[in-house]
Each structure stands twice: as structure tokens, then as C-alpha cells.
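Protein chains in written order, with the working numbering: chain A, 249 to 493; chain B, 236 to 590; chain C, 1328 to 1712.
No wet-lab data here; the hints were simulated from the structure. The model shown is predicted, which means the values in this text are computed figures rather than measured ones. Hints may contain errors.
[Stated by the list, open to error] Example chain C residues on the side facing chain B (calculated, C-beta under 10 Å, incomplete):
(1) Q1340
(2) Q1365
(3) S1445
(4) S1665
(5) I1668
(6) I1678
(7) L1681
(8) N1690
(9) I1699
[Stated by the list, open to error] For lysine-lysine, the following DSS-like pairs were computed, each having C-alpha atoms within a straight-line distance of at most 25 Å:
(10) K492(B) to K504(B)
(11) K374(A) to K405(A)
(12) K405(A) to K373(A)
(13) K484(A) to K456(A)
(14) K1333(C) to K420(B)
(15) K1704(C) to K492(B)
(16) K405(A) to K1333(C)
(17) K383(A) to K373(A)
(18) K1704(C) to K358(A)
(19) K383(A) to K1333(C)
(20) K407(A) to K358(A)
(21) K407(A) to K374(A)
(22) K358(A) to K374(A)
(23) K456(B) to K382(B)
(24) K407(A) to K383(A)
Just so you know, even glycine gets a beta-carbon here, dropped at the ideal spot from N, CA and C.
In case you want the letters, here they are:
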Amino acid sequence: MPAAVSIKNLDKFYGDFQALRDVSLTVTEGEKVVICGPSGSGKSTLIRCINRLEEHQAGSIDVLGTVLDDNTGHIDAIRREVGMVFQNFNLFPHMTILENCVLAPMLVRKTPRAEAEEMAMHFLKKVHIPEQAMKYPGELSGGQQQRVAIARALCMKPKIMLFDEPTSALDPEMISEVLDVMVSLAREGMTMICVTHEMGFARQVADKVIFMDRGQIIETNPPTEFFDNPQHDRTKTFLSQVLAH
Amino acid sequence: MTDIALAPPSLDLRHMVRRKLFPTPLSGLVSLIGIALISWLAWALIRWAILDAVFFGTPDECKQAAGACWAVITTRWRLMFFGLYPYDEHWRSAFGCLTLIAVIVLSCIPWFWTALRISVLWVVSFTIFVVLMRGGLFGLSVITEDKWGGLALSIFIFAGTSLLGMPLAIMLALLRRSPLPLVAKLSGLFIDTVRSLPLITILFTVAILLPIIVPGLAGTKITRVICGMAVFFAAYQAEIIRSGIQSLPVGQEEAAKALGLNYWQRTRKIILPQAFRRALPPTVSQFAISFKEVALVIVIGIFDFLASGNAAYGSGDWAFAYVEVYAFMAFVYFIFVFSLSRYGAYLERRMRVGK
Amino acid sequence: MFQSRKTNAFLIQAVIGLVVVAALVLFVRYAQRSLEAQNMTSGFAFLWRSTGWDVGFSLIPYTINDPYWRVILVGILNTLFLGLIGLALATIIGIIVGALRTSVNPVMSFLGTLYVESIRNVPMILQAFFWYAVFTHLPPPRQSIDLGGMMFLSARGIFVPWLNVSTFAAGFAGVAFGCAVLLALTFSLLPRRSLFQRTLYPKLSRLALLGGILFAAAVLFFGRNTDGLFQLPQLKGLNFTGGLRVSPEFAALLTAMSLYGGAFLGEIIRAGFLSVNRGQIEAAHALGLSGWHVFTRVRLPLALRAVLPTLTNQYVWLIKATTLGIAVGFSDFFLVISTSINQSGQTLELIAILMAGFLVINNVLAGVMNFINARIKLRGTQLRI
Chain A
249 MPAAVSIKNL DKFYGDFQAL RDVSLTVTEG EKVVICGPSG SGKSTLIRCI NRLEEHQAGS
309 IDVLGTVLDD NTGHIDAIRR EVGMVFQNFN LFPHMTILEN CVLAPMLVRK TPRAEAEEMA
369 MHFLKKVHIP EQAMKYPGEL SGGQQQRVAI ARALCMKPKI MLFDEPTSAL DPEMISEVLD
429 VMVSLAREGM TMICVTHEMG FARQVADKVI FMDRGQIIET NPPTEFFDNP QHDRTKTFLS
489 QVLAH
Chain B
236 MTDIALAPPS LDLRHMVRRK LFPTPLSGLV SLIGIALISW LAWALIRWAI LDAVFFGTPD
296 ECKQAAGACW AVITTRWRLM FFGLYPYDEH WRSAFGCLTL IAVIVLSCIP WFWTALRISV
356 LWVVSFTIFV VLMRGGLFGL SVITEDKWGG LALSIFIFAG TSLLGMPLAI MLALLRRSPL
416 PLVAKLSGLF IDTVRSLPLI TILFTVAILL PIIVPGLAGT KITRVICGMA VFFAAYQAEI
476 IRSGIQSLPV GQEEAAKALG LNYWQRTRKI ILPQAFRRAL PPTVSQFAIS FKEVALVIVI
536 GIFDFLASGN AAYGSGDWAF AYVEVYAFMA FVYFIFVFSL SRYGAYLERR MRVGK
Chain C
1328 MFQSRKTNAF LIQAVIGLVV VAALVLFVRY AQRSLEAQNM TSGFAFLWRS TGWDVGFSLI
1388 PYTINDPYWR VILVGILNTL FLGLIGLALA TIIGIIVGAL RTSVNPVMSF LGTLYVESIR
1448 NVPMILQAFF WYAVFTHLPP PRQSIDLGGM MFLSARGIFV PWLNVSTFAA GFAGVAFGCA
1508 VLLALTFSLL PRRSLFQRTL YPKLSRLALL GGILFAAAVL FFGRNTDGLF QLPQLKGLNF
1568 TGGLRVSPEF AALLTAMSLY GGAFLGEIIR AGFLSVNRGQ IEAAHALGLS GWHVFTRVRL
1628 PLALRAVLPT LTNQYVWLIK ATTLGIAVGF SDFFLVISTS INQSGQTLEL IAILMAGFLV
1688 INNVLAGVMN FINARIKLRG TQLRI
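Working from the sequences, and respecting the hints, build out all of it.
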């Protein structure tokens, strides 16, 4: 199967600080990858490099056959096929939910408004909040906002979905509503790369779980092996801290 | 998985320049045009202002030169700085000026930031200024206000405005926060009305119309002008102080009340000191604005720095040298106002870091 | 009785109220008596007296035989005219300067800073005097600076080509364009509850604007006078005839206002751009929106909403700054009032008119801006910004 995302020997620096060291990762189509690790390990940096929200200094990233470099044509093509969900939702506060969802399809894919709105309502129904379409983001709860963010990303019909700690900023009682949406998305065959601390989700959905620490990938394994049989000490320490509560 | 200690990518100057100035071809072109523009401007300015300029000489020598005619400044500087003040007594005007400038600089030092010290500083130096300029004591000849002029007069009006305006501002701010609704509304009405009027109209009213309307209460023109500007300053400063007071946690006033302090004690010891600290950056801004606004007095016929500058090139020989005169005046204002604003920005940064 | 705080408060306020009213009444009576003693009558009847003096610039026809109320109207119109054009130019300069200052390119950013710091720290009146000196030191009409044979810079003014149409056509075109703009604005502000409305209204808005421009152009074209649509300034003898004359006073004040206002607005707009949450910009980029779309659909709208109140204050200040007209001789509202006081002696009444005029202008401006602010501000309490 062709690789959806192919990362080879990636290095990223912030000034003198090295955030990613020689990271290599391949994600095939339809694969679900969960990345976990302590804060500062570079997990968010890694997925942000995939859609060029961060630039890498060495190594290569290939997304769906296109090389990711300074060429704006390549970057635009990749961003069209890669959707991202942020920790802080980042909905556009001056537009209604519906407008948030149809903006990119209309401007980037040139979809006519009627078709774009129909598609938006379809995805809003999928995330279970079609009735909020005319509201503004500030009027919705955190869990609802994040579900809208997922619907907004899906409206671009991406082939890959990136999740950057999607539930970390939510109150506990809203986490499950968002995770449910992500699980159903996974079941439909979407290629997903998720940075998250939700280990239950990882066990349920992931094809492989990656542990990162200090900019390096320490361990990669399918979930059962990963959780039941961690191989490195650092992985063991991390798991004992996260799974304790 | 080895811990390779790779060197960070080369961050030398060439690389930085390339990344910041030429990330895309269009950006690079824009950078080049910008650099060309700046260099050309800088070169033209240096040539005009320094290389080809005439620093001393007669108007004719100036007209023949290709560069700036700074001779107009070197010949007429006394007029611009001291106005029509008698020639022999210029030293008094100069000393008075320097005193006030020193005071303004000293006021920026935190050691002076208690009500007592700063009031003493300002009242003392203001008195020194008036005694020096007006004379009548210590054997100095009397020179009435109508002969004061130039930069010295501008600084005097600024100092007077600040000295009178600050206590007035505090009073207005406290009145607007009064628990008595009538008092609060009246002072609010006063502040809002003053703030919605242009300063020129207020100056015009106090300087020209007041003597006609109420001939008894006149006083000298300069006094009236300072009062008018002080009221205008106070209206704006009152709002700044009020924001400072409002930004204090409610608990401060409550704790003071619980300790049994009465209104004046609370206000003087707890509320105002803290409110002033918070309101310091916008206050410094307000002073900078106020200094610029002093220039408006030219409109009511007061011979301030701007007016004396106009007179310096006005008629006769130097009439062609208006650009140099305005450039010089702009430079003087720039030094004052820029320093004040930079100081205000510095204070703001310091306060944010402290938090 | 004097122990109760409520009663005390009431009594104190009653006393203060009486004192204030008494002081005002006494002041007005004293003023009136001194004015009468100097043979200055009171009352507003003078408004219908003819003035006997002329103004330098007027948008509506005005002669020295016209009454005082008309010259006051001329002053108000001049202030509004200068104010609105000045505000528009200052806003354009402000957006450019704000964009320069927030640019990633250090050269652009430096140019912006250079502009802002040189202009901001010098009093506006000094700049107005400077530009006035520049414009009045231009060569006399015979030796005026010729720009392409169409525009002439001289000490008598700047002469530009102007429309040569009948007054009726000009008025009709103006009104039609105004209506088209209002129509366009209405369509963009109407709520859009159905798909049909959401598809139609933006198109109607653009159509109205375009149609307005075309219609006005057509009216002007067909209403042109026999000697052609445009009137070029022609040098005849010592002066120019034809075309539009922009007086040095107006040019000087407009230049000073636009440059000075632009510097301050630039800083305000820059603060607005900086305050936009990085996350929203990243989300917009992640969705694949082009740089232009990210700027116009996300960055600019959010920056505008953040700074609207500060912008309002600055606009009010700029309108008040038109009073500098008295320094350069432009017949704005204030100059007209002060000349009227000089000539007619009706001091108190004219001051009252002056204050009322500025209060109205400022409150209307602030009211409009606050209305816009209320309509477009961000809704809801759950924003994570």
C-alpha cells in the first residue's frame, strides 16, 4: 500500500534547541497512529511539520506522494488533503458555525455555496450538532466547539486527519463526546495521526502507538504490545504515570 | 536511536539575511527597493543637511548654497528660544528653562514618586522659574509676561499646565467616583463635555472671550491660557486616573475600610498611590500629548516657540529658509516627545515584567 | 436626622445642586450685563442678519449678503468635508503603515517605524504650518509645476481636471451613487437566515455597488456640458480657469491631517493585527486558505473588531483637529464662528452654537461607530481567545 505520510530522518531546531532528532515514521493509508509522550517531547512539533505549520531543517517529509519543502504549490496541495484539529479548537469567532465550515471549501475548492452548505450540514449531523449551525463559536461549549472543528476539517474531504491533543483543553465530562466522534471517524477508514493522552482511545482505535521523548521516537508498537509489554524504561515510566489515574 | 548531537543549521549572517529579506522572489524585490529607497533618502539627507549646508553666514551666502541654510538658526536662535525677552537678560530665561527641564527629568526618577516629594520639587522649581523670569527680587529687573516668548515660554506653559492640571485631575477623578450620584453625574458631564471640545476652542474662549464676557475676572492672558490648558489636561488625565482606580482589586478598598480608615486616609494612602502606579504609562503618554498641544497657543496670539519660529524666517531676508526653521523646530519637539514616549514604553515593559 | 447616611446624602446633593444652578445663573446674568454694557446685544435674531464678509472656501453658494445662519452652515459643511476626506485618507495610510509595521520583512518594518516615529512626535499644528509654507511657496501660476499637462501645482492652489457637467446631472449622479452605496450596505448587513439569502445577498450587494458606479458614470457622461466631459485647467493670463482649485489652505490641512492621523491609526491597526490569536491564523492556513484569504477573511476582520473602540476615539480626535483651520486660514466651523464673534459681537450665542455643534458632530460619529461595533462584535462567552 502506498504511504500516506513518509518521514525520513527529520531534524527540527528552534534556534539552538533541537526539538526533533532523526525522526523517521511511515503511515500507510487508512492507518491510525497515536503518538504519546511527556510534554516537550516533540509530538506536537512532529505533526505540525506534516502540514508545514512548522519547518524542518533536515530530513524529508512526503505526504501523499508530494514532497514537503519551501515550494508553496506543494504546501498548498498538501494542506488541501490534510485536515487538522487543534487543542484550542481555533474556530473563527466572527463567523457562524456554518460559515466556519463552508469557508474553505468555497474559497479553496471553489465549491458553490449550496453544495458546500449541504456538505457542511452532513458533517455537522455526523458530529451530532446540526442544530447549532447558525450559532457563533462563543455560544457553544468546549466539547461542541471541538466537534465543530472536526466537522470543519472534514468539509475539505481530507485524506489524512491530524489531531493535536484534541481533548486536552476540555472539561472531563465533554471528552467522551469528542472521542466518540473520533472513534467513528476511525471506523470509517480515515488515516489518522493523533497526539493524545487518552490511552483508552489508543487501545480502541490505534494500529500503532508511538512513544516519543526529547525529540526522538523511543518505541513503536501495536497497542496491545505497547501497553502490556513496553520495552524501554522510559516508556514504562511514562505509562505508569499516565495510567495511574 | 542514537543520541546524535547534531549541530544546529548555520545561523550566520548570510543565512539570516537570505531567510528574512529574500524568502520569496517578490519579497526579495520589495526588500531591494526598500533598501534602495532608504539609502537614497539617507544620502540625500546627509548631503542636504550636512555636506552642502551653510552653518554660519548671511542670507545671500545661504541662497547660493545647494544645501540647508542652518545659518538662519545660528543667527536667529535667540529669538526662537527666548522670544522678545530683553537681550541682556537672556541668561535668566536660559536658567529658568534649564531648571524646568531638569525638573521634568528628575520627575522620572522613582525616588521622587511620593506626593510630598514631587509636589515640593515642582512648586520649588516653578517658583524659581517665575522669580528668574519675572524679576523684582534679588535685584533682578522686572520683565512682565508679555515679553516672555520662544521655547522658554512653551516650557513654562507646559509646566504650569502640569502643575495645575494634575491636582485638578485627581479631584475630578475622585468626584466622578463619588457615591453621591449627583456629584458623580455632574463631574462626569463636565469631563465628557471638555473632552468632546477641541482644545483650540477652549483656548480661544479663555484667552479672548473671557475678558469680554467677564471683564472683572481677567488676569493676564498667559494665566488664563494656563488655566484653560490645565482644565483640558485634567479632563483627560482624570479618566486615566479613574481607570487606574478601577483596575484595583475591590479588596483593597474593603480592607482599608475594615481597618477603620476614613475616606481621606484610604484615598491618600491606599487607593491613589496604587492607582497612580498602574496609570503611569498612559500618564506619561498624556504628558507627551500635552507638550505637543502647547504649540496651539500660537492661534490665540501667544509668542511661543512655534510663533517665534515663524517670526524667525517670517519676513525679510530669511523668508526662503522656512524648511530649515521648521525642521529644527520639529527636531526640538521630537527630542522632548520621543524621550517621553520611550520612557512611557519602558515603564510599561517594566510593569508587565514585574507582574 | 443627621445621623442617617441616606438623608445626609440627599441633603448634601440638594445643596450642591442649588449651588451649581445658582452659580450658572449668576454667571450668565453677569456675562449678559457686561456684554450689554459693551453694546453687544443678545438673542439669536442676528442669525438672520447678513454677514457682510466672505469665506475662502465653500461647498454651497455663498455671498456676503447671506445671513449668519448660512455662513455657519458653510463652516459646518467645510469641517465635515475636510473631516471625512481626512479620515478616509488617514485610514488608508494607517492600514498601509500598520501592514508595514507588522511585516516579517525587516526593511518594510523599518520604513513603517521611520514614518510613524517622525510624524508622531511633532505637533500637528507645526506640520500644518510647514505644509502651508510648502504649498504657498510653490511658483506663481505662470511658472507652475506641470504634471502631464493635466495637473498644475502653483502658489494659488493645486489645479486638477474636474468634471464639466450640468449641476442637475452632478446632483443626480451623486444622489444615485449614494443610494447605491446605502443599498449595498443594507444587503451586506441584513441577517441571512436561509441558504437563498446567503447566496443572494452578497451578489446583490456587489451588484448594487457596481450598478451604482456605472449608472452614475452614465449620468455624468450624458449630462456633460457641450465642451467635453472633463474640464482641464487652462492658464489664462495670470491665473488658471477651469478645472478644480484645491486651495493651499485646504491642501495643507488635509496633508497634515492624513499624515498625522495615518501615523496614529497605523499604530492602532498594528496593535489590532498583533492581537489576533495565532491559533486562528494557523487554522486558516491548515485549511489551505491562500495568504490573501487568510488576511482578508480572518486576520483583518478580527483585528478590526479588536480595535474599533480605540479607532472611534482617534476618529473623534481627528474631527476635532479640523479646528486647526484657523491656523492656516481654512474656513472651518471654528474659524467661521470666531470671525462671526469678531464681526457681530454675539459672543455667548455663538459660543453656545460652537459647543453644541461639536457635541453633536462628536456624538453622532461616536454613535455610528458604536452601532457598528455592537453589530459586528464577537458573540458568546465561551471564546478561547
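Each hint, compared with the structure:
no.	hint	verdict
1	Q1340	holds (4 Å)
2	Q1365	holds (7 Å)
3	S1445	holds (8 Å)
4	S1665	holds (6 Å)
5	I1668	holds (7 Å)
6	I1678	holds (6 Å)
7	L1681	holds (6 Å)
8	N1690	holds (7 Å)
9	I1699	violated (19 Å)
10	K492(B) to K504(B)	holds (12 Å)
11	K374(A) to K405(A)	holds (14 Å)
12	K405(A) to K373(A)	holds (15 Å)
13	K484(A) to K456(A)	holds (17 Å)
14	K1333(C) to K420(B)	holds (18 Å)
15	K1704(C) to K492(B)	violated (39 Å)
16	K405(A) to K1333(C)	violated (68 Å)
17	K383(A) to K373(A)	holds (15 Å)
18	K1704(C) to K358(A)	violated (28 Å)
19	K383(A) to K1333(C)	violated (47 Å)
20	K407(A) to K358(A)	holds (18 Å)
21	K407(A) to K374(A)	holds (17 Å)
22	K358(A) to K374(A)	holds (23 Å)
23	K456(B) to K382(B)	holds (12 Å)
24	K407(A) to K383(A)	violated (28 Å)
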